[in-house]
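Asker: This is what each chain is made of:
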Amino acid sequence: MKKKILVSIAALLLLVLTLGLLQALVVPKYITNPEGLLTGEYYADAGGHDVIFVGDCEAYESVVPSVLWKEYGITSYVRGGAQQLVWHSYYLLEETFKYESPKAVVFNVYALKYGEPQSEAYNRMTFDNMKWSGAKVKGIVASMTEDESFIEYVFPLLRYHSRITELEKDDFKYWFKSPEDVSDNGYLMKTGVRPMPESDPITDPPEELLPDSSLEYLDKMRELCKENGCELILMKAPTNPRGYWWYDEWDKQITEYANEHSLSYYNFIPYANEMGIDWQTDTYDEGLHLNVYGAEKFTSFLGALLSESHAIPSHKDDADTLSRWNTYLEEYENKKKQMEDTDK
Amino acid sequence: MLFTSYGFILFMAVLLGVYYIFPKKYQWTLLLVASYFFYAFSGIENFAFIIFTTLSCFFVARVIEKRKVREDEYVALNKESLSKEERKAYRAKEKKKRFYILILGLLLNFGILAVLKYTAFAVKNLNSALALFGADKLTVPDLIIPLGLSFFVFQSTGYLIDVYRGKTFAEKNIARLALFVSFFPQLAQGPISRHSDLAAELYTPHPFSAKSLKFGLQRVLWGYFKKLVIADRVLVAIKSLLGDTSSYTGAYVALLIILYSIEIYADFTGGIDITIGIAEAMGIRLKENFNHPFSSRSTKEYWNRWHITMGSWFTDYVFYPLSFSRLMMKLSTWSRAKLGNAVGKRLPVYIATSVTWFLTGLWHGAAWNFIVWGMLNCLVILVSQELEPLYRRFREKFPRLTASYGYHCFEATRTFLLMGLIRSLDCYANVPLSFRMWGSMLTTFNYKSCFSGGILDLGLEIKDYVIIALAVAVVAVVAKLSEKRDIREWLLGKTALSWTLSAAILIAIILFGAYSIGYDASQFIYTQF
Chain C
1 MKKKILVSIA
11 ALLLLVLTLG
21 LLQALVVPKY
31 ITNPEGLLTG
41 EYYADAGGHD
51 VIFVGDCEAY
61 ESVVPSVLWK
71 EYGITSYVRG
81 GAQQLVWHSY
91 YLLEETFKYE
101 SPKAVVFNVY
111 ALKYGEPQSE
121 AYNRMTFDNM
131 KWSGAKVKGI
141 VASMTEDESF
151 IEYVFPLLRY
161 HSRITELEKD
171 DFKYWFKSPE
181 DVSDNGYLMK
191 TGVRPMPESD
201 PITDPPEELL
211 PDSSLEYLDK
221 MRELCKENGC
231 ELILMKAPTN
241 PRGYWWYDEW
251 DKQITEYANE
261 HSLSYYNFIP
271 YANEMGIDWQ
281 TDTYDEGLHL
291 NVYGAEKFTS
301 FLGALLSESH
311 AIPSHKDDAD
321 TLSRWNTYLE
331 EYENKKKQME
341 DTDK
Chain R
1 MLFTSYGFIL
11 FMAVLLGVYY
21 IFPKKYQWTL
31 LLVASYFFYA
41 FSGIENFAFI
51 IFTTLSCFFV
61 ARVIEKRKVR
71 EDEYVALNKE
81 SLSKEERKAY
91 RAKEKKKRFY
101 ILILGLLLNF
111 GILAVLKYTA
121 FAVKNLNSAL
131 ALFGADKLTV
141 PDLIIPLGLS
151 FFVFQSTGYL
161 IDVYRGKTFA
171 EKNIARLALF
181 VSFFPQLAQG
191 PISRHSDLAA
201 ELYTPHPFSA
211 KSLKFGLQRV
221 LWGYFKKLVI
231 ADRVLVAIKS
241 LLGDTSSYTG
251 AYVALLIILY
261 SIEIYADFTG
271 GIDITIGIAE
281 AMGIRLKENF
291 NHPFSSRSTK
301 EYWNRWHITM
311 GSWFTDYVFY
321 PLSFSRLMMK
331 LSTWSRAKLG
341 NAVGKRLPVY
351 IATSVTWFLT
361 GLWHGAAWNF
371 IVWGMLNCLV
381 ILVSQELEPL
391 YRRFREKFPR
401 LTASYGYHCF
411 EATRTFLLMG
421 LIRSLDCYAN
431 VPLSFRMWGS
441 MLTTFNYKSC
451 FSGGILDLGL
461 EIKDYVIIAL
471 AVAVVAVVAK
481 LSEKRDIREW
491 LLGKTALSWT
501 LSAAILIAII
511 LFGAYSIGYD
521 ASQFIYTQF
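If you read the protein sequences in the order shown, they are chains C and R. Following the working numbering, the numbering of the first sequence begins with 1 at its first residue and continues without gaps. Following the working numbering, the numbering of the second sequence begins with 1 at its first residue and continues without gaps.
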């Protein structure tokens, strides 16, 4: 009897171990879709940031923390994600406040146009590499599309099991280790250039105004920042000035919201020229997103605002911070050079 | 709540945990609550029907039994004062009254089944007839069909008939009968249990038994393996084949027949494995519904091995009562006198068999496909019966050949293909299309293109076919081994091997199961019957 029990316990442990190993093997490594690694990269550098950026691709492809450091001594991190919806941003922010107390949170408002969960793939990119916490649980529940199951977030093997017949080299390479960092403090660098074509601005109104469900999360985000003694700043990153990317009606809605709640809101689209952004050279996808050259120009402009209008201090006098951030800056510049060389 | 949903697995885990710490005497009440909770997921509005069946069967059975008790008491009390003839006449009169009460109970329950399941079918056929006379069409009603309707109505009416026949007792506690009608593992797809078998199992306290739990869970795992790894993966190709019947003719019809046979076997036997396994894990034994049907060497044998509880229901409650009815006896006498002994003795059997198979077809679905399916099965069985002397002579002439393993394989393959062909009526939209598709197997010679690459256009890749083939091979080997011994009993003393095999099945289900996003969560086929 005793032997039977021991064998059963050993078998159960072995089963759990096997399932664990299989899970580690089949979960996506996000080597070709590095956006899926962004959430997880935060933890190694969590803490000590004065500014946290949240939002969709416009956040992590427009704001370069190394430039903010280099030019203004501002310490910052971009907790952005591909199609990061407002509830994704909210719960990431809730988690961030457990690690640190930033002076300001800058939220890119574009994703407010989505009032419903959109896509499992983007939910996964946000949550797969997020550490387990109450914020993650609530975030998953708020984000799941109809076809998704919470249990598959707890045991990703159940979701990704069919990858067992589609495994690639990277799945084995990163079976027991994490991939190298793909971002620079949350900024995902793109060095390619694809000019914006000439076209007339769209003047038709949007099909829908920004939905109440997303504005409710904006309310929650505002409350969360207030509870944590942090200023919430709203921004719309500079993108293709054609209307559909940010309609005037949406802009008006956010302006009114910001006025009502005494928040700062910056729509940077009209300031692209002033920043020096050239839509022929500073975008990698015809104006939808900035490349590194555009992002640096925009960040420089943004940094001035943060430092002058929002009193975000410089940490260049702090030796520890200086050393750490200079290392980041060096890494950033090396990576940029490397990518430029590769592009050539 | 699908058996294959995470919700159901969680429900079962919680129930099993609570079941064994619950006071043994009241375990059955927990099962009733669990059954109603399970049923609620199919739609609260469905409760009206299952409660109606429970109430009507409870009262009708009680009245029948009370009248029988009163009759026996009256006869016992007046044994001296009544003559034998008077007692006989009294009993006959009382039996008739009980019979009418039974008929009322049957009409009430089959009435619900008929209205909900067959009204639309009847109206559609009526509309076709009206169209011949240029009359206006009637609106086809869109009625809900509650989960497991065919199963719980058959199980309940079987109970009524058994009470009438004195083969079981009438439940005195309506909650107990409610559990018999709604016992959740078998609610959606059977097996169709008899009250005399199931009642004691349901109401007896079941102390914790590691063996029952282990055996039950192993059976559940095996069921999920068949359903998720084989049935739901094959389903992808079947859907493609049925989605474009103008292209997928000829060889593709042959392919459909094989794939659908595999799918329905894995789906239905898998579902029944889960059902029986869940019950077994709680110490409750249910009747087996299958006995290696694909090793059957004749159609008759096949139907003794496939969906056994349904077959025996029709045999006991339709075929025999009809065969031995007064009308059939008269017909037998008449036909023997008029048509001669050879034909005369067959006629009543043919009629009873045909009625039974007509109703079996109709039970499966309100469509001509199912009726034709039933009648074709009937035809094959009757023809086989007629050819039996020929087969016997052949066996006598070639005893070594017909006793050989190869000949048995030939017979089993022949039965498999014949049953598969008839079964494909389930798949196609209507009977004429089915017949056209069958015909195309002889006229469209696309076998080479189908099996050399065409099968890869059906939504399955080579790796899927490899998974299916390996899984089918595993099921076939296990089926073969289990013909000789109970595998779980054999594994009982071999703890390490037992764990290894169970873990391997679990891992195979998790890795190769067709579930989660990317696969449609598929209902079990028999749930729709």
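Incorrect hints may have been included.
So the derived label-pair ranges between C-beta atoms look like this [as the list claims (entries may be wrong)]:
1) 131/R with 216/C: 52 to 62 Å
2) 138/C with 465/R: 38 to 48 Å
3) 324/C with 22/R: 57 to 67 Å
4) 145/R with 142/C: 27 to 37 Å
No wet-lab data here; the hints were simulated from the structure. Every residue gets a Cβ at the ideal spot worked out from N, C-alpha and C, and that includes glycine.
Asker: Sort out which numbered hints this structure fails and list those numbers smallest first.
Answerer: Hint check: nothing fails, all pass.
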